[in-house]
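**Student:** Okay, here's what each chain looks like letter by letter:
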Amino acid sequence: MINRCRNCTGQLVFDPGKQMLICDNCGGTFAPGDYGVTEKELLWDTKVESLSDIYGLEAPEYIDRYVYICKSCGGEVIINGTEVSTRCLYCGNTAVVFSRIAKQKRPGYILPFKLTADEALGAVREQFGKGFFIPKSIRNFKPDEVRGIYIPYWIVNCRHKGSVVVSGSVRSGRRTRTEYFGRAGVMNITGLPLDGSRMLSDESSSRLEPYNLYDLTSFNEEYLLGFYSNISDVTYGNLKSAASKRADEYFDELVLRNVHEASSIRIHSEQHRTDIDYKHLKYAMLPAWFITYTHKGTHNTVVVNGQTGKVVCGVPWDKRLFFLLMTAAGLLLTGLFFLIFRNLLPLLIDFNFEKSTVAGIEILAVIAAGTAALFSCGIARIRKVMSSIDLTQDVSIFNFAGRRQG
Amino acid sequence: MDILALIISLGLGFGVSLLIFSSLLIRSNDIGNAAGSKSQYTFGIDYEIRRNNLSRGEADSFGSGYISEEENLPTGV
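Read top to bottom, the protein sequences are chains Z and G.
The working numbering applies: residue 205 is where the first sequence begins, and numbers increase by one.
The working numbering applies: residue 14 is where the second sequence begins, and numbers increase by one.
Calculated from the structure, these hints are not laboratory results.
Don't be surprised by glycine CBs; every beta carbon is placed ideally from N, CA and C.
Any given hint could turn out to be false.
In silico lysine-lysine, DSS-like type, Cα no more than 30 angstroms apart, as pairs [unchecked claim]: (1) K51(G) - K483(Z); (2) K51(G) - K346(Z); (3) K51(G) - K449(Z); (4) K51(G) - K340(Z); (5) K51(G) - K500(Z).
Chain G is nowhere near these chain Z residues, computed Cβ spacing over 12 angstroms in every case [as the list claims (entries may be wrong)]: (6) N344; (7) E453; (8) V589.
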C-alpha cells in the first residue's frame, strides 16, 4: 500500500527536515517517488460517496461532506468537496483520496514542506515574543490545532495593459495647481501565485508570499503523507479576476513611482486589461502550517509559510497598555510643545491683527494640517492592525484549517 | 495666547504620540502583513505613451482606445 512501509507496513509520513518518507514504526526511510505508478493506479478507482446519498442526511452541514473508506483500517473518513488528503479519525493514518487527484485536477507541481510543525511553532513563538503589545496569555499560547496543509495554487504568467492618469500638485511661486500626467504601457508578469481555494481568502494567501518557486518539484502523492491538502475549486473567471486585481495594483504603484514632477499624487482615472497565458498555467500545491489558538473565547488562526517560515497573523493587543503609554507620552510631548509654542507664537502672530504676517497665519495652517495628518496616519495604522486581527479571527480561515477530520 | 499654544501643543503632542505608538503596534501585532512584492513577478512597465501637463479635458480622454475590451478566457470554462 502506498502509505505503508515496505518493511513492516508501518505508517509512512513525509519528514520535512529529512525530505524523506519515514516509517513511524521501524524508522525506515524512503525517497518520495519510490512507489510506482502501478501501485497508485489500484487506488485511483476508489470512489468517494456523498454523505447525504449514503445516509439520507439532508441537513445543510452534510451537503459538502463525502465518505471515503480508509485503506488502512476500513474506517469511514469524512471529507469535504475539495480535500485530497486528511487523517483517519480511527487509525490516525493519512488518507489520500487518489481518485480526486487522478481524475479531476491533478497538480503538475508540489513544493514539499521544509518546515516541521515544531519549527513552525517556534517561529510563531519567536514572533510573539518580540511583540511589545502582545498580551502575556498569547505569548505563552497553547495551540488548539497545528495542521500542515498543502494549498492549491495556480502559477500564472500574464500580460497587463494599462492606461492611467495621475493628478498631483505642482507649485508655481506661492500657488499650487493641479496637473495631470498620462501613462500607458504594457507590463509582463511571470510566476504569480494565486490560490486556487475558494475557502481561503486571497488576502490571507497573498500574505504568505514569497514562495521560492525554484524549489517546485513534479507532483507526487507521497509528499502528501502526514499532511492535509485540497484540490483547486476556482474557475478561470475567479483566476482572471484575482490576477487582474494584483496586476492593477502593481501597475498603479509603478505608474505613481514614475511621476516625479508633482507632489500629493493620486490616481485620477485608470483602465486596465489583464490577459492570462492559459497555455502555460502551472497548477501546484504549496505548503502552509495553520496553527489555531483560542483567546478570550475567540479562535485565532496563525498561518506559517511551510517553506520559508514567514509568519502571518494579526495578534490581539493589550489595549490598556497601549492607551496608557500613548496618553503618558502624549502628555509629555504636550508639555514640551507648550514650552516651545508659548514663546514662539507671539513672534508669529499679533492677535490684534495689526502686525500679523501672512507667513505667521500660514505657519498656523501648516501646523493644523500637520496635526490632522498625524491623527489620520495614526488611526489608519491602528485600523490596519485591526483588519489583520479580523483576518486572523475570520471564520473562513478557521474553517479551512479546522473543519477537517483527524 | 497661552490657550492657543496649549491647543496646538495638545494636538501635536497627542498626534505625534498616536503616530509613534501606532507604528510600534504595527511592528508588534501585525505580523507578516506584506503581500508578495511586485519586483518578484515583473520587471516593470514598457511605457508606450507618456504625457505630462495634460489639461483636464485631455486627462479625461487619455488612453481611450488604447485598451480593447475583448476577453481572452479559454473556451469550455
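**Student:** In ascending order, which of the hints set out earlier in this document are inconsistent with the structure?
**Tutor:** 2, 4, 5, 7 and 8
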